[in-house]
Amino acid sequence: MAVERNMALTGQPPKSLNTIQKIGVLIGISGLLVLLLASFNLNLANKGLWLTISLSALTIGIIIFSKGAYDKKLEGIKNDGVWFKSMSSRGVLAWIAGIVLTGFYVVLYFFAELLGLGQGVDGTNTGLVGLFDPLSRLLSGNPASQWFVYGTLYTIAIVGFGIKFLMKYKHNRYEQLRTMSVMFFQTAFAFVIPELMARLNSDTFSLPYNDLKNMWPLNYYAFEQWRVDQFINAQTIGLFFLILAVLMVFVISPWLTYKYGKRWYCSWVCGCGGLAETAGDSFRQLSDKSVNAWKLERWMIHTVLVFSVIMTVATISTFLGYDATKYWFTKNVFLISVGVFLTLLFAGILYYKRNQLNKSAVTGAAGFFIFTIAFLVLISFVDLSQIQIQAKYFSFGLNDKSYAADSALRAFYGFGIGSIFSGVIGTGFYPILGNRVWCRMGCPMAGILGIQQRLFSKFRITTNGGQCISCGNCSTYCEMGIDVRAYAQKGENIVRSSCVGCGICSAVCPRGVLKLENDGLDGRINSNEILLGNDVDLMDFVNNK
Amino acid sequence: MNDLQTEASFFNTKNRIQLTHNFMEHIVIIGNGISGVTAARHIRKMSDKKITLVSAETDYFFSRTALMYVYMGHMKFEHTQPYENWFWEKNRIELKKGFVSKVDHQKSQLIFDSGENLQYDKLIIATGSKPNKFGWPGQDLDGVMGMYHKQDLENLEKYAPNNQICKRAVIVGGGLIGIELAEMLNSRGVPVTFLVREDSFWNGVLPAGESGMINRHIKNHHIDLRLGMNLKEIIADNNGKVKAAVIQETGEVIDCDVVGLTAGVSPNVNFLKDSGIELGRGVKVNRFLETNIPNIYAIGDCAEQHEAIGNRRPIEAVWYTGRMMGETVAQTICGNKLEYKPGHWFNSAKFLDIEYQTYGWVFGKPKEYEAQFHWIHQDDTKCVTVSYHKETREFLGINTFGIRMRQETFDKWLTEKKDVDYVMDHLAEANFDPEFFKHFEKDILNAFQKQQTINA
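Residue numbers (this note's numbering), protein chains in the order written: chain H, 1 to 545; chain C, 1 to 456.
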């Protein structure tokens, strides 16, 4: 990862910026400058106006930049100079961006007071959070929080860079529709609707902040007691949301994944995916394609998945345990149902899909399964809320509080996975590790959908016979680090649990070799030893022996 | 998961026992391109023979077709390598870097230009092609290059890193490599003058309607396309570097810093002169890819069939035929003697932003038995030409531009000898465009039926 020293914005094509792009950069930076000034508590008299100026400048800056980049060009693939530009090839600009982004996440998650959260008289906001108060009041009626600031900027990023992506792929309707979809779900479901719904809350009625599409386990706090209680107390509408959340996990998501692959979520709906596909698009080529990275990925993502399962089970079983009278589900009924469900699932896969699993997959899955069941047995006998954990032993002495074991699990998950992995590393390191590190290595939701996609789905990327010339564009631009070419050059379909169906491999292929499809289950996974184009006798001979 | 990169894991015990008698037979392959590498991989899958891959060009196999993307900044050179570097050792394929200057078949050995020798039991020649040069004055000056080898890429990076050092480039030869080189230089803002001998781009292969559309597409990319023009000579400056190119027909002198020679390729077989191996333009082989010398085979671009197979040319410089010959010769070498029998012709290319695929045979100048139907979209970036037999109406082939089609479907239709009316009615089944793309099968069918009524 040598740092490339060329920081030039000028210079020669294709890495230089043209005049229009420079204007775009300037406008965008002026928008950021307003945010920066606000962060340093410069007194901006009319906050509403300055916020409008800043957010407009950011959006307009991105749009002008994109117009400069793509407007005068003919429709087609726009990857000229990707590996020459400092920003997209781990150059100096990329490192600066990475450090700034990472720093922003650290402040956001752990030092929100630096952003002015509750720093004014009577706990009012100052600084950056204060700047966002007018917009927050407009939507939810409440003052802003650091999460509102983040949500707003996040939405601006998806919309702004989404428009850039739409211009870049103006020739590709799959890419266009997919991008409009993530822009819509972010703006409406993750941002506007939950904010507006907060207006329904009163002294007697309250719903938790609820992004309908943000399902468990990506939403790792979906079934924590305060949320479940709020839903139950909100009666019909609350119960509706609670039941919907459960249905999403067990019915709606599996059904959609069966029909369309995990892409229905990961590259059409999900907010993390939305940011990765838009703001992160310039970094997709940075993903690691080595077999070693794949090995790491398989362990990592499934470990996080198991962690999220046991954390959630521990949480729910604990509050079912000490508040037994409040819920019709008891702790033991819950634990037994989880155990039975997982056992049936595991046994079913082993039996019905035995031909599709190789040894390392079976071994790994068995290990995870035994661990999970052992944990279920453990918590059925032990009340986690009675065990105290000293956080200082796990936090280099930074946190000297003492937690009950179930809260400790939650806190550790929230910190390690929710904040550090998905935020600081997942997004902060976009310019260094690529745009889907979190989705590939850490997201438990992607883990579940991936298992479904590999074993129970009609989705695949079809390879067009013997047309592949092994050029490697597909592998290079796969954000998930799948070595697409390794399959395509053998004439094999690509059926991989990590594939989010972004469709870029198919778009950048210069020979029309790849097509994302939902089709029958027969022949979905094919491994020809000899490619189409050969004499039929040879193909039969080699493939059927 | 490892079978992805581990051919050896396919190795089965039964073969191991059968093949013990020729354990450690030494197979030497000259050339680490797609043909040689495919042969090596398949021999490894089926046997435990000792395999050595010889190359003077690069340490590891890379995809030649992807060199253009390195210059354009789409990929880095390492991305053009389909296998990670540990692959070769793990699969016991020895790599030897060196230039073979002679083959001594009497002693079964290769002689390198360094003076080293290498013994073989069986030899596979897979040395590919080299760019054609037609004796133009100045063709060996600095700044004159083909676009074929990795060294050509390095040369281009040296003489045309940007549009200040290379103020203009002249490309000579309007084929697939020529247009790729034009696209490459265009990506760095280097003005390009593109000399094409024919009066329309690649019209030896493409029917007139398609060729005309590509002419216009090239011009839309601000490439200075000169049709019906040949190179007369290349003029040097005082340092022996390109200064200008002169056009034969007009005498026009075009100032330039780089001249790209892309007038086709021919087999890279000079080192085999006087070796006793029968040569034509390439290494002469029979249908088993055997040369006239026992235990010496030739595959890929450098092999020349004694007689053409079907409508194919005796020398096919195509990616997938190289791969198929590699697969076939591996069978023969591992004891299952097999003829090279390519299936239905297909190919693909990309002209700047327009993808091209072909299945079956559509001739640039239609054969006397051939009727062609041509459809072009009004946006001038998509078109289709369907070829069929005038009398029998048998479907013979299709060229498609800007619309992807499925090889499997056409392969089946060609084998089943479907007639053109069936193919036109079912064209949608062959569509391979990404989901949600606009479909044109109805327009195409309507146009076809209209044309049929007029002709009838």
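Hints listed in this document are in silico derivations from the structure and should not be mistaken for laboratory results.
All of these numbers come straight from a predicted model, not from anything done at the bench.
Careful: at least some of the hints might be erroneous.
[What the hints assert, rightly or not] Covered stretches of chain H, as calculated for chain C (at least 3 residues, CB under 8 angstroms):
hint : segment
1    : 13–22
2    : 35–45
3    : 80–92
4    : 254–261
5    : 507–516
[Claimed, not checked] Straight-line C-alpha distance at most 30 angstroms; calculated DSS-like pairs for lysine-lysine:
hint : chain 1 : residue 1 : chain 2 : residue 2
6    : C       : 412       : H       : 170
7    : C       : 438       : H       : 67
8    : C       : 350       : C       : 412
Cβ atoms here follow ideal geometry from the backbone N, Cα and C, with glycine treated the same way.
Hint-by-hint comparison with the structure:
no. : hint               : in the structure
1   : 13–22              : holds (count 3)
2   : 35–45              : violated (count 0)
3   : 80–92              : holds (count 6)
4   : 254–261            : violated (count 0)
5   : 507–516            : holds (count 7)
6   : 412(C) with 170(H) : violated (34 angstroms)
7   : 438(C) with 67(H)  : holds (25 angstroms)
8   : 350(C) with 412(C) : holds (24 angstroms)
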